[in-house]
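Chemist: Make a model of the complete structure from these sequences and hints.
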Amino acid sequence: MSELIELTAAQAAERIRGGDVSAAELFEAYRVRAAADGDDLNAFTWVADGPPEDPQPNAPLAGIPLAVKDLFCTEGVPSQSGSKILEGYEPPYTATVVAKLAQAGTTLLGKTNQDEFAMGSSNENSAFGPVRNPWDRTRVPGGSSGGSAAAVAAGLAPWALGTDTGGSIRQPAALCGIVGLKPTYGAISRYGMIAFASSLDQAGPFTRDVTDAALLLRHMVGQDACDSTSLAFPGEIELPKGVDLRGVKLGVPEELTGEGIESGVREAFNATLALAEQLGASVETCRLPHAPHALNAYYLIAPAEASANLARFDGVRYGLRVDADDLLGMYTQTREAGFGAEVKRRIMLGTYALSSGYYDAYYGRAQQVRTKVADDFRAAFERFDLLVTPTSPSVAFRLGEKVDDPLAMYLSDVCTVPMSLAGIPAISIPNGVSDGLPVGFQLCGPAFSENRLLSAAYVLEQALGFDGSPARGANGAPA
Amino acid sequence: MIDRAQVLHVAKLARLALSDDEVEQMSRELSAVLDHIEKISELRLDGVAPTSHVIDVVNALRPDEPRRSLPRDVALASAPEALEQGFGVPSPGAS
Chain Y
1 MSELIELTAA QAAERIRGGD VSAAELFEAY RVRAAADGDD LNAFTWVADG
51 PPEDPQPNAP LAGIPLAVKD LFCTEGVPSQ SGSKILEGYE PPYTATVVAK
101 LAQAGTTLLG KTNQDEFAMG SSNENSAFGP VRNPWDRTRV PGGSSGGSAA
151 AVAAGLAPWA LGTDTGGSIR QPAALCGIVG LKPTYGAISR YGMIAFASSL
201 DQAGPFTRDV TDAALLLRHM VGQDACDSTS LAFPGEIELP KGVDLRGVKL
251 GVPEELTGEG IESGVREAFN ATLALAEQLG ASVETCRLPH APHALNAYYL
301 IAPAEASANL ARFDGVRYGL RVDADDLLGM YTQTREAGFG AEVKRRIMLG
351 TYALSSGYYD AYYGRAQQVR TKVADDFRAA FERFDLLVTP TSPSVAFRLG
401 EKVDDPLAMY LSDVCTVPMS LAGIPAISIP NGVSDGLPVG FQLCGPAFSE
451 NRLLSAAYVL EQALGFDGSP ARGANGAPA
Chain U
1001 MIDRAQVLHV AKLARLALSD DEVEQMSREL SAVLDHIEKI SELRLDGVAP
1051 TSHVIDVVNA LRPDEPRRSL PRDVALASAP EALEQGFGVP SPGAS
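Residue numbers (my numbering), protein chains in the order written: chain Y, 1 to 479; chain U, 1001 to 1095.
DEER-style ranges, computed between Cβ atoms:
| hint | chain 1 | residue 1 | chain 2 | residue 2 | range |
| --- | --- | --- | --- | --- | --- |
| 1 | U | G1088 | Y | P92 | 15 to 21 angstroms |
| 2 | Y | V32 | U | E1042 | 51 to 57 angstroms |
| 3 | U | G1088 | Y | L407 | 39 to 45 angstroms |
| 4 | Y | E53 | U | G1086 | 32 to 38 angstroms |
No more than 27 angstroms apart at the CA atoms, straight line, and that leaves these computed lysine-lysine pairs for DSS-like:
| hint | chain 1 | residue 1 | chain 2 | residue 2 |
| --- | --- | --- | --- | --- |
| 5 | Y | K84 | Y | K402 |
| 6 | Y | K402 | U | K1039 |
| 7 | Y | K372 | U | K1039 |
| 8 | Y | K84 | U | K1012 |
| 9 | Y | K372 | Y | K249 |
| 10 | Y | K241 | Y | K100 |
Chain Y regions said to be covered by chain U (calculated; three or more residues, Cβ under 8 angstroms):
| hint | region |
| --- | --- |
| 11 | 228-234 |
| 12 | 317-327 |
Hints were generated in silico from the structure; no laboratory data involved.
Beta carbons: idealized from backbone N, C-alpha and C, even for Gly.
Modeler: Below you can see the structure in the form of structure tokens.
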């Protein structure tokens, strides 16, 4: 059984097609591990009893189990977005991207734990308890898609879906030593994703390697009549197969690689830059002058959108209700009881930024900064094919370390937020370890440059030879 | 910078019944975060157009064709209080 766990999703799909592994056998191998995890990593909030009754035997991803972040709506299956206000909620429909992947043959293995409404960088804000990092259980897996990242890293799932608003795929992928990709905004339908910040939210894959990321992404992209902000992906996502980086121009933004980056992370970053040069890439520093302001703009825009999106949780149509004598009391007491501390903080911040007298100084200015951040990237991509940075300024931090200091927690998103504001794609790949903990390397490119990104990430991955097996443990038992 | 009165005002707008402890904490934490965020006021942004959305899609409309919606019992299945085929709520009261 442990041999099956060592297969990547692409390899497993091949073995199933070849007939030497059955879909049921593969599903059971993962299901047993996911169910046995319990509150060890606490990666899952729900695990399937068995594979679906109507498998798609001839589909391209036939029989490959998929873990799905809790915030994707899955019909008849708990979809709680990590929140007490949605505890036990089972939606009447399924998110487009989950339905597309089911059509492509994947089987729903489980729903993964996350920061409440995707607000957090450590997965400590879940109403269902924190997720632990499989490399070191005293540390966070990152967030907000911490359960998806931990599940894939620990071999409890071959791959998983997450969402990224300001780094919620890339940062946990980095902290757990796996691959995480945030696609171009609009490339994937948001229909059925419980919304955090609608102009930023984007679904993406968590995988063990770059090939799997391309394979999963291929079946996720596409325009959807149910999401008016979705766009048709130009062309198809190709499986990467480059051998070198000859002719690839990499830019290193000074503003995202200077102070604040931990020394172990910096060493790994510099070593990867040297490796990229050996592989034929040119590496030069560049400027993104407004990037230092991106985090501030993000922490106005995202909470502002969240405060509007979360207005729907009012005890009327679904979820928790706290009874009160009148309607207003029911609203305010339901929301007080149902939302956790971080969600309340962001609702308050967003409501404040949108309130009369403050709108222009905060929300309006933040939207102007967003324009400047996007312009900086546009200018940089006239000179460079891709920009590279560390994914996270630090390796996985200790559980509880930043929980009482919201600002310190927000600063861990400093390298991932600028791409989110600009709506461009970015991928994190593991590029080494520091003190026994994985480090992530981020590459980003212009809108819809996913194939270019995947290709460069693949070449680096082959040369880096990162070994993620310690997190999966031996003999089929979680590490 | 954000005082107690402002916290209470914003909490009212956000429909949150914060406890006394939460009001104190919110005032402290939001002030610290806003101090950092305020740095965007140093930028010169005159004449810069705001970005509310990064993609160029305007008025994405679907064909105006009648279609079935969610059956009523399914739509009401998760409601805390389903009442006479609708969502039940307490009285809005006099205030």
